[in-house]
Amino acid sequence: MTLTVNGKTMQCNDAVTVADLLAETGYKEVYVAVELNEEIVPRENFKTCVLKENDVVEIVTFMGGGSQEYKKEEDTFKLGGHEFTSRFILGSGKYSLDLIEAAVEHAGAQIITLALRRAYQGGAANIMDYIPKGVTLLPNTSGARNAKEAVRIARLSREIGCGDFVKIEIMRDSKYLLPDNQETIKATEMLANEGFVVMPYMYPDLNVARDLKEAGAACIMPLGAPIGSNKGLCTKDFIKILIDEIDLPIIVDAGIGCPSQACEAMEMGAAAIMSNTAIATAGNIPLMAEAMKDAIAAGRKAFLAGKGRVIESGAQASSPLTGFLHD
Amino acid sequence: MSTKVNESILNDEIREHQKENRIDHMKYLPGMEVLDSDIPDQVITAMDAYDYDRYTDADVKAALSHEVCTVEDFKALLSPAALPHLEEMAKRAQQETRKHFGNSVYMFTPSYIANYCENYCIYCGFNCHNHIHRAKLDADQIDEEMKIIAESGLEEILILTGESRKMSDVAYIGEACKIAKKYFKVIGLEVYPMNSDEYAYLHECGADYVTVFQETYNSDKYETLHLAGHKRIFPYRVNAQERAILGGMRGVGFAALLGLDDFRKDAFATGYHAYLIQKKYPHAEIAFSCPRLRPIINNDKINPMDVHEPQLLQVVSAYRIFMPFASITVSTRECARVRDNLIQIAATKISAGVSVGIGEHLEEEDAKGDGQFEISDGRSVDEVYQAILNVGMQPVMSDYIYV
Numbered sequence: 595m596t597l598t599v600n601g602k603t604m605q606c607n608d609a610v611t612v613a614d615l616l617a618e619t620g621y622k623e624v625y626v627a628v629e630l631n632e633e634i635v636p637r638e639n640f641k642t643c644v645l646k647e648n649d650v651v652e653i654v655t656f657m658g659g660g661s662q663e664y665k666k667e668e669d670t671f672k673l674g675g676h677e678f679t680s681r682f683i684l685g686s687g688k689y690s691l692d693l694i695e696a697a698v699e700h701a702g703a704q705i706i707t708l709a710l711r712r713a714y715q716g717g718a719a720n721i722m723d724y725i726p727k728g729v730t731l732l733p734n735t736s737g738a739r740n741a742k743e744a745v746r747i748a749r750l751s752r753e754i755g756c757g758d759f760v761k762i763e764i765m766r767d768s769k770y771l772l773p774d775n776q777e778t779i780k781a782t783e784m785l786a787n788e789g790f791v792v793m794p795y796m797y798p799d800l801n802v803a804r805d806l807k808e809a810g811a812a813c814i815m816p817l818g819a820p821i822g823s824n825k826g827l828c829t830k831d832f833i834k835i836l837i838d839e840i841d842l843p844i845i846v847d848a849g850i851g852c853p854s855q856a857c858e859a860m861e862m863g864a865a866a867i868m869s870n871t872a873i874a875t876a877g878n879i880p881l882m883a884e885a886m887k888d889a890i891a892a893g894r895k896a897f898l899a900g901k902g903r904v905i906e907s908g909a910q911a912s913s914p915l916t917g918f919l920h921d
Numbered sequence: 188m189s190t191k192v193n194e195s196i197l198n199d200e201i202r203e204h205q206k207e208n209r210i211d212h213m214k215y216l217p218g219m220e221v222l223d224s225d226i227p228d229q230v231i232t233a234m235d236a237y238d239y240d241r242y243t244d245a246d247v248k249a250a251l252s253h254e255v256c257t258v259e260d261f262k263a264l265l266s267p268a269a270l271p272h273l274e275e276m277a278k279r280a281q282q283e284t285r286k287h288f289g290n291s292v293y294m295f296t297p298s299y300i301a302n303y304c305e306n307y308c309i310y311c312g313f314n315c316h317n318h319i320h321r322a323k324l325d326a327d328q329i330d331e332e333m334k335i336i337a338e339s340g341l342e343e344i345l346i347l348t349g350e351s352r353k354m355s356d357v358a359y360i361g362e363a364c365k366i367a368k369k370y371f372k373v374i375g376l377e378v379y380p381m382n383s384d385e386y387a388y389l390h391e392c393g394a395d396y397v398t399v400f401q402e403t404y405n406s407d408k409y410e411t412l413h414l415a416g417h418k419r420i421f422p423y424r425v426n427a428q429e430r431a432i433l434g435g436m437r438g439v440g441f442a443a444l445l446g447l448d449d450f451r452k453d454a455f456a457t458g459y460h461a462y463l464i465q466k467k468y469p470h471a472e473i474a475f476s477c478p479r480l481r482p483i484i485n486n487d488k489i490n491p492m493d494v495h496e497p498q499l500l501q502v503v504s505a506y507r508i509f510m511p512f513a514s515i516t517v518s519t520r521e522c523a524r525v526r527d528n529l530i531q532i533a534a535t536k537i538s539a540g541v542s543v544g545i546g547e548h549l550e551e552e553d554a555k556g557d558g559q560f561e562i563s564d565g566r567s568v569d570e571v572y573q574a575i576l577n578v579g580m581q582p583v584m585s586d587y588i589y590v
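Chains as they are written, first to last, in this note's numbering: chain A, 595 to 921; chain B, 188 to 590.
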């Protein structure tokens, strides 16, 4: 009979199950999620779910995200009931899998993002094999162009079994990859209602951030600059407004190009930094991961310490404002 | 809890009344809309925890160096440690005011249309035990009063009544708003707190701003100052701004009457209350008034206790630095010298041609009723207008439209 698997037609024997198909095509069951005609097949049903003529099967797995042992420290931040000591969320794209482990280790990251993609036939190396144990997996919805697609991706990700976290990324613009705030609000509401810990990536807009909080977001992830640009905190003043006004962790995502920029964002009160390209494109990936970790920690300490004052130069007013007071 | 008592308010009769049994001031009366809001609890908890003696010189300097004033900074600025830094505070307040308002100073006048009152607030001239001449303007008299006021060039009016639902019901206040709408672009209300549907009705009639003075946020003290009447019900009053916003009002005003209790705690609670309301209703406009206690008819010795001019400036400057975008009104309770200086530092709104009695703009003597307190700046609209120009500021009559 004929099946469509990950967009390609293939022939196979009648009466095959999902498990048979996975075995035949070389996928590791443990790392994939399977959709049959756009409905998720629960993994416990792989062996009993029999395929029919013209079925459309989608097999997905994670690409490009574990960590140091969790050390209980006082300065933690919470996301959806989970507590983290590391304020560095590491992206896993754009670099080789064999560097992931070193990057995670040098970054001291406790959360790593993953993108859901169609599985490669033949059971190619899977990122999951490279992520140290104990690291929280944060699947993103990259590739989604609207709320509906983001929800579908999030459900598939959860099905692989990496927990309830999801980072919503919805891009309707392939040139600048800027997030679609309106669709992100919709997806946040739907996924929060389904019990996900929703981390929405957004363009820093106060009204949208308020709507996201209302919709059930666990944090807000404003961009510092276009994704992958390494341009730093182009939206600094607007991110500061979110930090001042929104009672959720503000995690600066996208644009952070070097440790000094990460430090600056943390000094002004960001709860954490999400970074990928700055590390992936560095000359020495593990070393840059470590530099970033140190900068984030330094910025956080400076924020907690309270910045010292800047002495303003210039003349004093000749007629003091309080000269009029009696009593 | 503060145990400060302003002895100047008290007399033998009031002391006797304070010994009598009174209704539970924390329990809503029938007909009062109960709002499920956590804001009052947050305000009271934070105020109770505010230990202003804990703040140091360094805390104040740090607060003044921050670009955005945090709640902690606001506490430091209201502490005794900030008093030696008053000049710097005033300077910072002035910068913030200029940033948000330029050199604009908004002008308005209050119009008292009735002074009947069912409350027994022992410091207020209108209180139901005070023997004063009572009056209430009818529709024609209100029309005449508004017309005369409008001829002065003012475009904003603040309608006030004593707090009597019986003598000045919502329909009556609504009619006054409709009349005012003929002559003014901006209508504010300073009347008894009401339910959100009633605020919605008055908004429909043309009102856009509601001010309710909480007087003091210390409910135990509040209880000993407001011995009878609807105003006695503390939670109903403290939720008034929220109900007004839910009723569609554009803006709400907050105030503690400085001198009733521990002014630092009350000023903190006032600012924090406004802060939380703004956070919950980001579209609402926020306003502060900074009244100090004044003498009233039949008690000329009432004074604001320990709130002297420097403390007043400290409070006003702290409000400005904490909420740079808020409107701050300086009342005729203050003299011309203080008012003319405060509008250059932190205040953005000033009343002129003020009378706090009933129908005092009218010819007919019969219409008139006694005033709420003694004013200390009796200048006309023209005089205040000129005074604003004289200090290099710009008088503004209104800068928005009712929608």
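Since the hints were derived computationally from the structure, they do not count as laboratory data.
Hints should not be assumed to be uniformly reliable.
[To be verified] Taking CB as the label site, the calculated pair distances span:
hint: 1; chain 1: A; residue 1: 598; chain 2: B; residue 2: 384; range: 55 to 61 Å
hint: 2; chain 1: A; residue 1: 825; chain 2: B; residue 2: 577; range: 46 to 52 Å
hint: 3; chain 1: A; residue 1: 617; chain 2: B; residue 2: 257; range: 58 to 64 Å
hint: 4; chain 1: A; residue 1: 671; chain 2: B; residue 2: 192; range: 44 to 50 Å
hint: 5; chain 1: A; residue 1: 598; chain 2: B; residue 2: 435; range: 55 to 61 Å
hint: 6; chain 1: B; residue 1: 192; chain 2: A; residue 2: 676; range: 31 to 37 Å
hint: 7; chain 1: B; residue 1: 259; chain 2: A; residue 2: 769; range: 42 to 48 Å
hint: 8; chain 1: B; residue 1: 192; chain 2: A; residue 2: 921; range: 36 to 42 Å
hint: 9; chain 1: A; residue 1: 787; chain 2: B; residue 2: 585; range: 44 to 50 Å
hint: 10; chain 1: B; residue 1: 216; chain 2: A; residue 2: 742; range: 49 to 55 Å
[As the list claims (entries may be wrong)] As a list, the in silico PhoX-like pairs of lysine-lysine whose alpha-carbon atoms are at most 20 Å apart:
hint: 11; chain 1: B; residue 1: 365; chain 2: B; residue 2: 334
hint: 12; chain 1: B; residue 1: 323; chain 2: B; residue 2: 286
hint: 13; chain 1: B; residue 1: 372; chain 2: A; residue 2: 807
hint: 14; chain 1: B; residue 1: 555; chain 2: B; residue 2: 334
hint: 15; chain 1: B; residue 1: 555; chain 2: A; residue 2: 834
hint: 16; chain 1: A; residue 1: 834; chain 2: B; residue 2: 466
hint: 17; chain 1: A; residue 1: 672; chain 2: A; residue 2: 825
hint: 18; chain 1: B; residue 1: 323; chain 2: B; residue 2: 334
hint: 19; chain 1: A; residue 1: 672; chain 2: A; residue 2: 895
hint: 20; chain 1: A; residue 1: 646; chain 2: A; residue 2: 602
hint: 21; chain 1: A; residue 1: 769; chain 2: A; residue 2: 807
hint: 22; chain 1: B; residue 1: 372; chain 2: B; residue 2: 334
hint: 23; chain 1: A; residue 1: 834; chain 2: B; residue 2: 467
hint: 24; chain 1: B; residue 1: 334; chain 2: B; residue 2: 286
hint: 25; chain 1: A; residue 1: 807; chain 2: B; residue 2: 467
[Unchecked claim] Sample of chain A residues lacking proximity to chain B, with all beta carbon distances greater than 10 Å (derived):
hint: 26; residue: 609
hint: 27; residue: 629
hint: 28; residue: 644
hint: 29; residue: 671
hint: 30; residue: 687
hint: 31; residue: 743
hint: 32; residue: 758
hint: 33; residue: 780
hint: 34; residue: 825
hint: 35; residue: 834
hint: 36; residue: 839
hint: 37; residue: 916
hint: 38; residue: 920
Every residue gets a Cβ at the ideal spot worked out from N, C-alpha and C, and that includes glycine.
Structure-based check of all given hints:
{"no.": "1", "hint": "A:598 - B:384: 55 to 61 Å", "in the structure": "60 Å, holds"}
{"no.": "2", "hint": "A:825 - B:577: 46 to 52 Å", "in the structure": "50 Å, holds"}
{"no.": "3", "hint": "A:617 - B:257: 58 to 64 Å", "in the structure": "60 Å, holds"}
{"no.": "4", "hint": "A:671 - B:192: 44 to 50 Å", "in the structure": "46 Å, holds"}
{"no.": "5", "hint": "A:598 - B:435: 55 to 61 Å", "in the structure": "56 Å, holds"}
{"no.": "6", "hint": "B:192 - A:676: 31 to 37 Å", "in the structure": "52 Å, violated"}
{"no.": "7", "hint": "B:259 - A:769: 42 to 48 Å", "in the structure": "44 Å, holds"}
{"no.": "8", "hint": "B:192 - A:921: 36 to 42 Å", "in the structure": "21 Å, violated"}
{"no.": "9", "hint": "A:787 - B:585: 44 to 50 Å", "in the structure": "45 Å, holds"}
{"no.": "10", "hint": "B:216 - A:742: 49 to 55 Å", "in the structure": "51 Å, holds"}
{"no.": "11", "hint": "B:365 - B:334", "in the structure": "13 Å, holds"}
{"no.": "12", "hint": "B:323 - B:286", "in the structure": "42 Å, violated"}
{"no.": "13", "hint": "B:372 - A:807", "in the structure": "37 Å, violated"}
{"no.": "14", "hint": "B:555 - B:334", "in the structure": "17 Å, holds"}
{"no.": "15", "hint": "B:555 - A:834", "in the structure": "54 Å, violated"}
{"no.": "16", "hint": "A:834 - B:466", "in the structure": "16 Å, holds"}
{"no.": "17", "hint": "A:672 - A:825", "in the structure": "28 Å, violated"}
{"no.": "18", "hint": "B:323 - B:334", "in the structure": "17 Å, holds"}
{"no.": "19", "hint": "A:672 - A:895", "in the structure": "18 Å, holds"}
{"no.": "20", "hint": "A:646 - A:602", "in the structure": "16 Å, holds"}
{"no.": "21", "hint": "A:769 - A:807", "in the structure": "28 Å, violated"}
{"no.": "22", "hint": "B:372 - B:334", "in the structure": "13 Å, holds"}
{"no.": "23", "hint": "A:834 - B:467", "in the structure": "19 Å, holds"}
{"no.": "24", "hint": "B:334 - B:286", "in the structure": "35 Å, violated"}
{"no.": "25", "hint": "A:807 - B:467", "in the structure": "12 Å, holds"}
{"no.": "26", "hint": "609", "in the structure": "60 Å, holds"}
{"no.": "27", "hint": "629", "in the structure": "41 Å, holds"}
{"no.": "28", "hint": "644", "in the structure": "54 Å, holds"}
{"no.": "29", "hint": "671", "in the structure": "19 Å, holds"}
{"no.": "30", "hint": "687", "in the structure": "35 Å, holds"}
{"no.": "31", "hint": "743", "in the structure": "31 Å, holds"}
{"no.": "32", "hint": "758", "in the structure": "28 Å, holds"}
{"no.": "33", "hint": "780", "in the structure": "21 Å, holds"}
{"no.": "34", "hint": "825", "in the structure": "23 Å, holds"}
{"no.": "35", "hint": "834", "in the structure": "8 Å, violated"}
{"no.": "36", "hint": "839", "in the structure": "7 Å, violated"}
{"no.": "37", "hint": "916", "in the structure": "5 Å, violated"}
{"no.": "38", "hint": "920", "in the structure": "5 Å, violated"}
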